[in-house]
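Listed here are the chains, written in short residue letters.
Protein chains: 2
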Amino acid sequence: MVRNSAIRRLPLYYRHILKMQKDGIQYTSARILSELTGVHKTQIRKDIALTGLVGVPRRGHCVNALIKAIAEYLNWNDISSAFLVGAGNLGKALMNFDSFEKSGMKIISAFDVNVHEIGVVINDIEVLPMDKFSDLIKRMHINIGIITTPPEVAQEIADIMVAAGIKGIWNFTYTQLEVPDDIVVESVDLYRGLGVLSMRLGNIDNLSDEE
Amino acid sequence: MVRNSAIRRLPLYYRHILKMQKDGIQYTSARILSELTGVHKTQIRKDIALTGLVGVPRRGHCVNALIKAIAEYLNWNDISSAFLVGAGNLGKALMNFDSFEKSGMKIISAFDVNVHEIGVVINDIEVLPMDKFSDLIKRMHINIGIITTPPEVAQEIADIMVAAGIKGIWNFTYTQLEVPDDIVVESVDLYRGLGVLSMRLGNIDNLSDEE
DNA sequence: TAGATTGTTAATCGATTAACAATC
DNA sequence: TAGATTGTTAATCGATTAACAATC
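So the sequence lines, in the order shown, correspond to chains C and F.
Residue numbers are given in the numbering used here: position 186 of the first sequence equals residue 208, and the series is strictly consecutive.
Residue numbers are given in the numbering used here: position 18 of the second sequence equals residue 40, and the series is strictly consecutive.
Incorrect hints may have been included.
Claimed, not checked - Here are the simulated SDA-like pairs of lysine to any residue, each with C-alpha atoms no more than 25 angstroms apart in a straight line:
| hint | chain 1 | residue 1 | chain 2 | residue 2 |
| --- | --- | --- | --- | --- |
| 1 | F | K124 | C | E174 |
| 2 | F | K68 | C | G224 |
| 3 | C | K41 | F | R214 |
| 4 | C | K90 | F | G224 |
| 5 | F | K44 | C | K90 |
| 6 | C | K160 | F | G224 |
| 7 | F | K124 | C | S209 |
| 8 | C | K189 | F | R222 |
Claimed, not checked - Okay, the calculated beta carbon distance ranges per label pair:
| hint | chain 1 | residue 1 | chain 2 | residue 2 | range |
| --- | --- | --- | --- | --- | --- |
| 9 | F | D181 | C | H62 | 18 to 28 angstroms |
| 10 | F | D181 | C | D120 | 21 to 31 angstroms |
| 11 | F | V135 | C | G46 | 41 to 51 angstroms |
Don't read these hints as lab results, they were simulated from the structure.
Nothing here was measured: the structure is a model prediction, and the numbers come from that model.
Glycine included, every Cβ here is placed at the ideal spot set by N, Cα and C.
Please build the complete structure, drawing on both the sequences and the hints.
Spelled out as structure tokens, the structure:
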């Protein structure tokens, strides 16, 4: 079983390597990537090894080959289609992220229950009424469901998505979704990061008070 | 040094305990929280111990005391003021999150370079021109800077924030910010999660192909 | 060749889980 | 009392880092 922590580092390397390609650099090494990202060089070697790419001693890795290997490993070449549910500001923000397509995902349509949002087109993505969701998702080959609704309805939406045959859910609410084991769920819980920020800032204040 | 991983779990318990309070439940236990969150019960005991709260054998922990202890530990009681830079959709989405105030942070003003956004008021937060940023931040007691700009300008904004005396940065771009050691940075990099989702979905497809 | 880098194995570190005495 | 839960110490697990032979 490959560890998620390794998979999470690969997009980081990827962006730096992409920049190197743009700058016309042909070869890079674990040492260089380590300096750029702060990740230990042995870690980087192991992560690259996951992709199956073999490097050249004394020269490092070919930038073009690295890009290809990482994109292939992360399955970023064949793009999954996604439906987004909840076309509020957060939903709209995601619809505006063009570069998701470079990361293996394309948002095809958005859905909302709010009549004021229906018909709105953002970045070529139309907001449709929620009651068309199940019908459309079965007809099209949609793999990913994105949930940007209020937390109270997240589980309900997830259930609808699973019933419609979705394979992966990107959940932007703090609700912990209950889904079958074969469904991949990736959650972004903003409050957890905010806890760290708030807690660490509190410690700084307390320290200076003690001086 | 307290581990970030523990701090990240506390907001999770907090929400479940808050719900218990709402439902009139007076006592809870590590076993119950474990069932709700999926976190191991010993882990939960250790995390609660961090807050300094002592439980009652055979009964568990008092819900009200737990809420108080976690909020205090995460420093969620004294609310830090924040300035947000980048009033696009993502920035607006964050401005609309009222519940951040319950998590120790309040967004006071937003800033943007786009003249069309200036003057816009969202959820009582006004969007001001970026050139007023440094002046205002020095006059008010602002601890947190939120970056929801395009990634290319994130470092520049971070530099301005640090120069203006900000103590913590919540970074929503994938740019890896370079800041002095005493600045707390919490980053939300959407692409890293998308890598996991895409990669795991690819494996599912491959597995079914092999059947 | 000399030296920088790879890839891998071993050691360390930290986080998670198991075990268990103490307690009400 | 009996039994469920706490809090803590010990054991395990996994991830990170160090060490080093192989290579061009």
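Against the structure, the hints come out as follows:
Taken as a hint, the K124(F) and E174(C) pair is honoured in the structure, with Cα atoms around 17 angstroms apart against an allowance of 25 angstroms. This hinted pair checks out: K68(F) and G224(C) have alpha carbons roughly 21 angstroms apart, not beyond 25 angstroms. In summary, the hint linking K41(C) to R214(F) is supported, as the alpha carbons are separated by about 17 angstroms, within the 25 angstroms threshold. A hinted pair counts as satisfied when its Cα atoms are at most 25 angstroms apart, and K90(C) with G224(F) qualifies at roughly 16 angstroms.
A threshold of 25 angstroms between alpha carbons decides the hint, and for K44(F) with K90(C) the separation of about 52 angstroms lies outside it, so the pair is violated. The straight-line distance between the Cα atoms of K160(C) and G224(F) is roughly 20 angstroms, inside the 25 angstroms bound, and the hint therefore holds. For the suggested pair K124(F) and S209(C), the alpha carbons sit about 21 angstroms apart, so the restraint of at most 25 angstroms is met. For the suggested pair K189(C) and R222(F), the alpha carbons sit about 10 angstroms apart, so the restraint of at most 25 angstroms is met.
The hinted window of 18 to 28 angstroms between D181(F) and H62(C) holds, with their beta carbons roughly 27 angstroms apart. Restraint check, D181(F) to D120(C): a C-beta distance of roughly 27 angstroms satisfies the suggested window 21 to 31 angstroms. Look at V135(F) against G46(C): about 31 angstroms separates their beta carbons, and that is not inside 41 to 51 angstroms.
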